[in-house]
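From first to last, the protein sequence lines are chains A and B.
Residue numbers for the first sequence, in my numbering: 8 to 441.
Residue numbers for the second sequence, in my numbering: -10 to 212.
Simulated from the structure, these hints should not be mistaken for lab results.
As the structure is a computational prediction, the values presented were derived from the model and not from experiment.
Under the rule of at most 27 Å between Cα atoms (straight-line distance), these lysine-lysine pairs were calculated in the BS3-like manner:
| hint | chain 1 | residue 1 | chain 2 | residue 2 |
| --- | --- | --- | --- | --- |
| 1 | A | Lys214 | B | Lys127 |
| 2 | B | Lys152 | B | Lys127 |
| 3 | B | Lys198 | B | Lys152 |
| 4 | B | Lys127 | A | Lys333 |
| 5 | B | Lys108 | A | Lys214 |
| 6 | A | Lys396 | B | Lys167 |
| 7 | B | Lys100 | B | Lys198 |
| 8 | B | Lys146 | B | Lys167 |
| 9 | B | Lys146 | B | Lys108 |
| 10 | B | Lys147 | B | Lys103 |
| 11 | B | Lys115 | A | Lys214 |
| 12 | B | Lys209 | B | Lys103 |
Sample of chain B residues with no beta-carbon within 12 Å of chain A, all distances over it, derived:
| hint | residue |
| --- | --- |
| 13 | Ile23 |
| 14 | Phe39 |
| 15 | Tyr44 |
| 16 | Glu48 |
| 17 | Ser50 |
| 18 | Lys96 |
| 19 | Lys115 |
| 20 | Ser155 |
| 21 | Glu201 |
Note that the Cβ used here is the ideal one computed from N, Cα and C, for glycine as well.
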Amino acid sequence: MKYLLLCTLLLPELALADTALLKQQLDTVWLVIAGALVFFMQAGFALLESGLARAKNSVNVIMKNYIDVCIGSVAFWMIGYGLMFGENTSGWFGSNHFFLSDVTHQDYSLLFFQTMFAATAVTIASGAMAERTRYHAYLIGAVVVSAFIYPVFGSWVWGSLYEGKGWLAAMGFIDFAGSTVVHSVGGWVALAGIIVLGPRLGKFDDKGNSRNINGHNLTLVGLGGLILWMGWFGFNGGSTAAADTSIGLIVLNTHLAAASGAIGVLFAMIVARQKILLSNSINGSIAGLVGITAGCASMEPHFAMTTGLVAGILVIIGEKILTSLKLDDVVGAVSVHGFAGVWGTIAAGLFLKDNLFNPEIILVQIIGVIVAFLWVFPTSLLMYFIIDKTVGLRASTVDEQQGLDYSEHYEIAYPEFSNHLLHKGKLQQEIRNV
Amino acid sequence: MCKLTDEIKTRSIIIYNSLCINISEQDAIQATKIWIQKFSDKPLFAIRPFIDILYETFEISTPRPELQRSVLSALMTGEADLNVKEIYVFDDDVKDVVNHAKNTEFKLKHKGFKIFISKLLECISKRSLDGELVIRIKLFDNLNDMGVTGELSLRVKKWLTDKNDSIDIDGLNITQMKQLFHGLYVLSCEYIGPVVTDMEVANVIEEMKELELFEGFDPKEVF
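Working from the sequences, and respecting the hints, build out all of it.
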């Protein structure tokens, strides 16, 4: 009888404990699935960037994307995670949790998810700097970005999610999934990279006019864009770090912004009386996704649509600005990630649910955006400058003529279509030997 | 000294040619000798000690990775590409191998070079007459930087300005030919664009393949 009474009294407690455990398990599963979706975005980046590069550089672009994930993940686990989420006594970066181990399973899932974010931030620059960057030099840059530049800024915004403290977050800076923390950071690194590198051979004619250097496979570009779009549901949806009902609004906003981004490009091209290009349309969608990343959890769907629309238009304006400055961004990464990231972060303040157009919030957002630029751009510029002066960042013009597939990797992606290359390459030789 | 097989002889020609791009012809002969004597019977990964010896023995300004890549490329040339049957039987003297390379392959490359450059300039002129003229002027303005000097420089200038392929420019070595082609490529990218330049290079190669002169010889070998 006593036993029955005890059971009756404890039953609600036990049920509560079960619910809490189930919630924890669901959170973990969702975070891991979302992390896997973010990882899949790497495939999107690889296809998009490779498709927008010429055939003679396609292996090189894929290699950079592939190794970005590898290097970025290891460097972030070793150093980056500690700097970003470790205990922050100095106020500038974390100082423990390097080589994170011996923690709870939930901590591991957070590390996994954040590692995918770091890899995303790193890979953004590869497309902008494609077709003329030396492979080894690029990898050095990737290590520095994933282990140092990205996590230090990340700690100011997201450090408090774990054991650090974020001074920008404490000011009220809103960047839910990283319009600034991930995308603008990647965009500013890319901007620094293309400034140090200079344009590709023949990108600008003797009068300074820009020439189109079309990518070799627009089908890959289209597929890459769609994969990125899908991966973004994990990127934004997973940033809740919990399997809760808010995911519905987040993924809907994400989707609407992507669609509106492409419509924004369509609109801009019609107004400018230009042909509506596939590459621009896809970049418009990605810009919409970048734009909504900061405010996807805190704005109503019609504002998400507005955010995406403006981000799409910004892509076209941004590319024109870069071209007028004689900067050669192969895939439009600076416009898509940098400029759209800035807009998205400000939009998150402008369209904040229940607190629309609050000037104080908008000011904090603007401060956050400026701080990101002031930290990332000069450090990246210095980093690439040092790399250029020591190991050499820019491939020689001979290598550029031969294509980096051959000069950097000794492999050719399309040996049967490489008549303009004055070499045979490994694959072609092997085919002959067979 | 190891026994010289036909394959080693032929491969030594390729290695010699690849070294010529980076070091003087005399040093390239010595370096090829070293390779034949000490490394020809070793596996591919023995390339590192070979490169070490080159840097210890000769004054080489080329960055190590570039030289290594160049030699590696020569060593990795498949047997099918070596044309072993066409090689005469030599004495065990490396110089003969090298001289053979100079006398036959080099002459063919020279002819190929002239045809290639002339045809490419012709293609450029169809797209941009001004561009072609400026390219010719810029090319002969830069001949000194390419190490083409004296009487040879005058002949090359005449060849470039008169568009007359009968003018003899045989004194150009492989390095100078490569530099001249590369200068033309860079200028062409500037004037007619990189994509069009690559297309024209491909067209010229296809045209050259049709010439009787290059029967059994890949025009790409010119460079």
